[in-house]
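Each protein sequence line maps, in turn, to chains A and B.
Each residue of the first sequence is one higher than the last, beginning at 1 in this note's numbering.
Each residue of the second sequence is one higher than the last, beginning at 1001 in this note's numbering.
None of these hints come from the bench; they were simulated from the model.
There's no promise every hint is true.
Just a sample of chain A residues kept apart from chain B, beta carbon distances all over 12 Å, derived [said to hold, decoys possible]: (1) 26; (2) 29; (3) 63; (4) 297.
Now the stretches of chain B that chain A is said to cover, found in silico as 3 or more residues with beta-carbon under 8 Å [stated by the list, open to error]: (5) 1161–1173; (6) 1558–1569.
All residues carry an ideal CB built from backbone N, CA and C; glycine is no exception.
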Amino acid sequence: MDAAVNATSTSAPDVEALERELTARIDAAADEAALEAVRIDALGKQGLVSGLMRTLGQMSPDERQIMGPKLNRLRDLVAETIAVRKAGFAEAALEAKLRVDAIDVTLPAPRFYQGAIHPISRVLEEMALIFGEMGFTLEEGPDIETDFNNFTALNFPEGHPARDMHDTFFLGRNPANDPNTDDPASSMAANRERKLLRTHTSPVQVRTMLRQPPPIRMICQGRTYRKDSDATHTPMFHQTEGLVIDEKTSMADLKGVLMAFVKAYFEVDAVEVRFRPHYFPFTEPSAEMDVRCDRSGGQIKIGQGDDWLEILGCGMVHPNVIKKCGLDPEKYQGYAFGMGVDRLAGLKYGMPDLRDYFGADVRWLKHYGFSPYLLPGLAQGIAT
Amino acid sequence: MKFTLSWLKDHLKTDTTVDRLVDAMTMAGLEVEEVHDPAAKLAPFTAARIVSAAKHPNADKLQVCQVETKDGMKEIVCGAPNARAGLVTAYAAIGTTIPGSGITLEARPVRGVVSNGMLCSGAELEVDSDADGILELDPKLAVGASVAEALGLSDPVIDFEVTPNRSDWLGVVGVARDLAAAGLGRFIAKPAPTLKGVFASPVTIAIDDETACPIFAARMIRGLKNGPSPAWLQQRLRAIGLRPRNILVDITNFFSYDRARPLHVYDADKLEGTVRARLGRAGESFKALDGKTYDVTPAMCVIADDARVLGIGGIMGGEYSGASDATTNALIESAYFDALRTFRTGRATGINSDARYRNERGIDPDSCVPELDRATQMILDLCGGEVSEPMRVGRGPAPPAPVRFDPDRVRALAGMSVKPARIVQILKALGFETAPEGGAKRLIVTPPSWRRDVEGAADLVEEIARIEGYDKVPAADPPRAEGYRAAAASVGESRLRVARRALASLGYLEAVTWSFCERRHADLFGGGAEALVLANPISADLDCMRPSALPNLIRAAQKNADRGHGDARLFEAGPAYFGDGDADQARTIAVVWRPAPKRHWRTAPAPDLFDVKRDCLALLETLAVPVASLQHADPDQPWQHPARAGGLRLGPKIIARFGEVHPTTLKALDAEGPVLVFEILVDALPAPRAKPTRAKPPLEMSDFMPLTRDFAFVVDEKVAAGDVVRAAIGAERPLITDVALFDVYRGPGVPEGKKSLAIEVTLEPRERTLADADIDLVSKKIVAAVIKATGAVQRA
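Produce the entire structure from the sequences given, and follow the hints as far as they go.
Take a look at the structure:
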């Protein structure tokens, strides 16, 4: 201050010294009030800087030329430094105030329920997608079927042991429908009209052939039922079946489609498959398809090892079936295939016991279920 | 069907290994289920001769034997009383694991004398139960010879699945024929003997019903001597799991497996009058060989003499007339029974016999007489006696019809190329006769009598393809779908897929539960109709098709809670059944939340019906249902809580139900409440409108600020809040875009029996800013509409 005072009386006030002094006082101000005191001392009407500014008028033009800009700069600098310091005080005050309302962010948030899609739904979609890419449409039919659609149209002879392979659930407590009835003739007549739970999804093939003219290229999927319950059988299970009917499709086409399916489904490029002769009433020739697998180490690995695993049945549609479905077997031919979805789902995704699929145990559903956001797609891998 | 390798070699000249055999069978359609090689575990055991046996110096019951073994002379300590010089027995070297005990031998002292191996009993080798002494083998056996072979146990047993179309595979001969065709060896044909009868049988035979029994043939043998079968026959039967009984019975069993020819032997001295195949009569019964008594019905074919029912034809004979060791005069029956009747009778009686298994699959009718003679010859060879003149009644079925066959069908159907000469070769090897049809390349193919499954060209293609090998069928490139494809799934199915994703992202776990439930539970949910009850359920609690997935899900939620996992949020997107017609199966989405919230530091309101109502509406909106047009409906189902549940309808049609489940229903389901549910009837949702373009309608955005106005109404307690909201929102469309009900008040200032409802109405002007006069006008309309709809009084 002394320097500044001196400056008025002497010819050149020491602006630099004044700047140092004021800056120091601003820095030293402990709070907003102290800061305001500095401001008044420096920039107030009676302030040091203001006082010096007033002396400019008495200076010689040469002096004014030098001191004018200096003092203007000092005035601006002091004002800005005070403003910055003031904003710092405000910020600190807010920060301190916010901390008073502190919340422990490690406290648990409200629960979010993570849902999941059942593996069966997932795998049905995967299969539909793979066959869809190969031009198959998805057809539908009811679970409660007629004996005709489930057996007769599919060339199951009446009373043939082949029907015994399908332990059928029958509906209705009509005594004429008693499967153990003594009179073969009357029970057969009753059987024809009788309602049952489809033992395979093949009745949908029958319905499709009865409804639309060839070419037919379809799959069907859904619930199927057999009276069977043990570690590898459940009374309800799922199938995916396919049917192609035209004038020239052969077993070679069947082989190509099924090999493509296996690769896409198991996401193994070089999976070795084998077709073995088998018997189904509705196909001729009939085959079962095995894939290479490795059973060592308890879990089945597809596409490696030296063992075989049967995964589906297939064959060329029996001429009797084509005929029963209203088409000319001399003109039309084609193939059909069918696979158990539950077991294929287990093979791919590692569900060990079929019986757990339908138990609705939330632990199982969470563990084996699928996120709704990860959709199957052929481009980025069917299982992502 | 089981057989052994040596048995197969009776009919197939082959030097095949078991591995090659299994492979050839599998690739020809005879799916091998198991190969059991009894020799495998006996492989380390060889014959050894005891040269000397001396008393153990330190133990009374032990001997120290000097034994000549494949490894040279060995000193072995043995506790068997029959160990003696000169005995040839089974030797196990140090390091061998003994099957009976699982112990691996070590050279260690037994009471001070080191035993350098072990001499084994039958029990220790698990070949019989004899543990009292070591095996006594043929003294002529060479030291080092295989014990398994010496015991006749070196014959691998093959078990394979016989498909229902191939009854001929139920005989080893049939297996041999197919394997010969498949190139595994040469089929050994053995013509049946010609037997000359020396007397006319005093027992005569007859058929009363030729549809039930088309052929009945028999021979009588007198003066025979029954008894235990020779070792080879006993061994054969034992190897495939049959218990030898006596020669007569064993021979019938042998022919059942050797030639798929069931036979039956009667003790002729027990027969009275004519033995006839006829239908059963009400009131008849008989005691079968399994010791059980069966009632006979007119649907069954029985064999009976003048006095009694002797057995059920083709299924099982009776105890009374069965052959025993004492039988000296026997009648051998070889018949052809109707397969379907046999099948039904078998199912009705529950008898599972080798005869039924074969007869119901349809055996070769032409084998009745030759195999009868072959069996008779074997009886004469083993039991002596003399044979009657042949007896045969019935005509039997017509032979299989010839098939016209174009060899090009092989390529057309199987997609493989097989030369015509090879086609003929395969068919002939399988027993088919072929003849060219009129010089063309077409063939006339006549199936053999045992291949009645072959009816047409497709069957022949299968024969050729399977013998040639399915691996020779090339794989064609799979097709790619061309161009534009419509959605692969139907609207309903697509909706279920969308619903699964939506519900899973709302936090629900998808379950798949049985399509059936317990009938009394079905009753609770409006089902249980007679037509939907299963005639033969897997268990009593799964005896009816479900009218809804809700009962299964509610029970599942409770089960989870019982296991300590409460708060289950489950859904199922699947079928419900309202009748047995095609249109009676409905797609439904059922959601169950059984809340058991954990305590939380930030207390939240307990989940209630509005939580599921929110999710229900969210899902409906996702499924493109016009949610704004939905109307509430009262609960219409007995399972719904009468005062805390409701329905949602579009027009008159209920499309969803939500809320709490009736406590009575929960009690019947053994579940604790409250349980919050909703159910969407997917098939009742409006069909999406077909649109000419995928483009969405243009978006209209107003440039003017929306504004809100509050209103309060006093209404009767019974007035539904939803009606107030509906009336308000409908007062001036499209200006009013939203009505939010933000307060329900009962108490001072509101009369008893009334409540006050406060709403916030949002107005969204589109063309200009609303003037006060405009707003007043709209307000008046809103108040008027609410008053008209609900009888409300506006609250000041």
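So which of the earlier hints does this model not fit? Those not satisfied: there are none.
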